[in-house]
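**Student:** Model the full structure from these sequences, guided by the hints.
Those protein sequence lines, which keep their order, are chains U and R. Letter 179 of the first sequence, counting from 1, is numbered 179 in our numbering, and no numbers are missing. Letter 142 of the second sequence, counting from 1, is numbered 142 in our numbering, and no numbers are missing.
Treat the hints as calculated values from the structure; they're not laboratory data. Treat the hints with care, since some could be wrong.
[Stated by the list, open to error] With beta-carbon atoms standing in for the labels, derived distance ranges:
#, chain 1, residue 1, chain 2, residue 2, range
1, R, I26, U, P255, 24 to 34 Å
2, R, L266, U, P191, 42 to 52 Å
3, U, N114, R, S284, 50 to 60 Å
4, R, S284, U, V185, 39 to 49 Å
Beta carbons: idealized from backbone N, C-alpha and C, even for Gly.
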Amino acid sequence: MGLRRGHHAKPLEWLAEKLIFVVSLSAILVVFLIFVFIGREALPVLFGRMNTALVQKTIPVEQMDKLNPAQLQDYLGLTKEQFASMDRDTLKELMSLKIESSSESSTDKDASINTTQWRYLLRPHQWSGYDAPQFIWQPVSTIPKYNIVPLIIGSLKVTMVALIFAVPLALGAAIYVSQLARPRVRELAKPVIELLAGIPSVVLGFFALIVMATVLQRISGSQSRLNALCAGIALGFSVIPVVFSIAEDALTSVPRSYVQAALALGASKWKAASQVVLPAAVPGVFAAVALGFGRAIGETMIVLMASGNASVVSWNFFDSTRTITATIAAELGEVVFGSAHYRILFLIGVLLFIVTFLTNMTADIVMNRLKIRMEGKR
Amino acid sequence: MTSAGTTTHANDFTGKKGRRFRAARIDWASLLGTGATGLATLLIVAILGIILGNIFINGLPHVSWRFVSTGTATDMFDVNKAGILPMIFGTTARVILMTLFVLPMGVLTAIYLTEYARIHSPFTRIIRGAVNNLAGVPSIVFGLFGAGFFVHFIGRGMDSALQSGGAIVWGQPALIWASATLAVMTLPVVIIATEESLRAIPQGLREASLALGASKLETIIKIVLPQAVPGIMTGAILAISRAAGEVAPILFTGAAYYMRDLPSSLHDQFMDLGYHVFILSTQSPNVDKTRPLLYATVLVLLCLTFMLNIVAIFVRAKMRKKARMLH
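**Tutor:** Structure follows, in structure tokens:
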């Protein structure tokens, strides 16, 4: 750690030490690569380079020579390799085909809309056949609609249910286990609760789908068997161990002398825990909830199996709900590589990555501050 | 502490028979607080008990030797014919491969962080921040990353470099890419566990070795690492148990809905236990008929991940006790 080496390293050792250093960069490299490679696939949408309009402005074949090669390639929607391999006649043929197909395609006024533009991704639009402007996620239809608002609302809704269910339970348990319980109870309860983290999410999803959904429907009498409530509670099961173990750590890290001082002044154990220890550990509790949020919004299999997956804009907990993660998981397997739908799925992946990245970073900073304060370092 | 400990309100009564009115001074807030938090703890344990109990009771009667030792027969949704050997094989293979990828990377990074880097240098803090961040990235994002980076970038790149004549060999979802994706996902688990075990080794051991003339690298290889083996094992086991049940990262990087044969090379797809649970519970034509099969499969998956978890918890508890004794 702080030690200098006793004598100069031999060449082979020098090499080995450099290797260790290079490998240690892997974590940074991986975070960077994740950003680059998910972002790369989403880039054309971000910069408005995709066009899904069925009817486009066409250019008469005679004007072909007026376009430069790059424009022509863009106009015909070809890749560089394809473009290079084609001769003039083939290109001419393609241009006339394009005019033909666009005159044939439907007279629907929506057909001329490029649905990957930002305003169609985020703002409501009155599609033909609808009475009012609406948010619609309908990627597989003649006119694909990629409004991501229903998915964002779905994710937030399920996450909210999970946190409302899990945070009070996990915090209560953390206070009890770290401050109030007898040592023997503590030694037993802690690993048992942490065991909950060992249940694979696909198993929790299965449990929600097969067992919980039926029970919950019988109690609440809701219309759809699979809904945000069912998925949210199952999601809560996976959030509990996250919030519990971090909050418990934070509470335990509060110096023992705080509690002893409070007890000496005549406070009860509960008073000491709730009015001395808890306020001192508030940053840690905040970090625990933040990480719980990150876990909940990024969880995939549970919501994919138990939320019903209907993309509707509604804050009702008893409605079937589609989240960002479930959408990626359900649809990426079937999209054409490089298509607009494919790019949009990566775009919402980037969104998810940024949200969890910021959440983690905030939690990390807050925890570090708390640690420094508690250990009196620096 | 007993006089202050109103957690058990009986204290206020005993020994003061003549002064019953004192009962009015029961500390209701404390009582309520202790009760509520205790109840929360109990409730969590109960939830765990219900989930495990439900799965064990419904799954155990249908687990048999034939079930775990045969492949999928004609009907993969029929409990009397279907077996899960290909899924057990696939999950085991991807987890072993993942361990081979992640252990060297994770251990070397932890060695750098504890033995070479200065604790508070900005550079170390960036590495540590990246590790912590990586631990919180959603698993589906790793799936997207695996598809974009391993399958399409490296896989396709290998295909064009190896001149496979236009045929796609590596540039498609495969066992190796699923394992690599999982290795990236479990990297922080291994780093953090190894780091903890390295820090638990007394500084005096290193100093004694250096004082005897050993070089820094010799000290690390011959003195530090042997002591850290239990910690590294814990990290590996935790990584395996986390990865064994994950489905989201392998959806687009290698898991197959159905395969007739076991995978025979690194660029084959594979069937997976967790993914099979997902298929059975969502794709079955007859839910009631599939239910016994589903429960049995879940039970096998759960036993696999839980055994690993419990072993890890034990090894870690032992290690921490030992570390406390050494300091």
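**Student:** With reference to the structure, classify each hint as holding or not holding.
**Tutor:** Evaluated hints:
no.: 1; hint: R/I26 x U/P255: 24 to 34 Å; in the structure: 30 Å, holds
no.: 2; hint: R/L266 x U/P191: 42 to 52 Å; in the structure: 37 Å, violated
no.: 3; hint: U/N114 x R/S284: 50 to 60 Å; in the structure: 40 Å, violated
no.: 4; hint: R/S284 x U/V185: 39 to 49 Å; in the structure: 42 Å, holds
Figure legend: structure checked against the earlier numbered hints; hints not met, in rising order: 2, 3.
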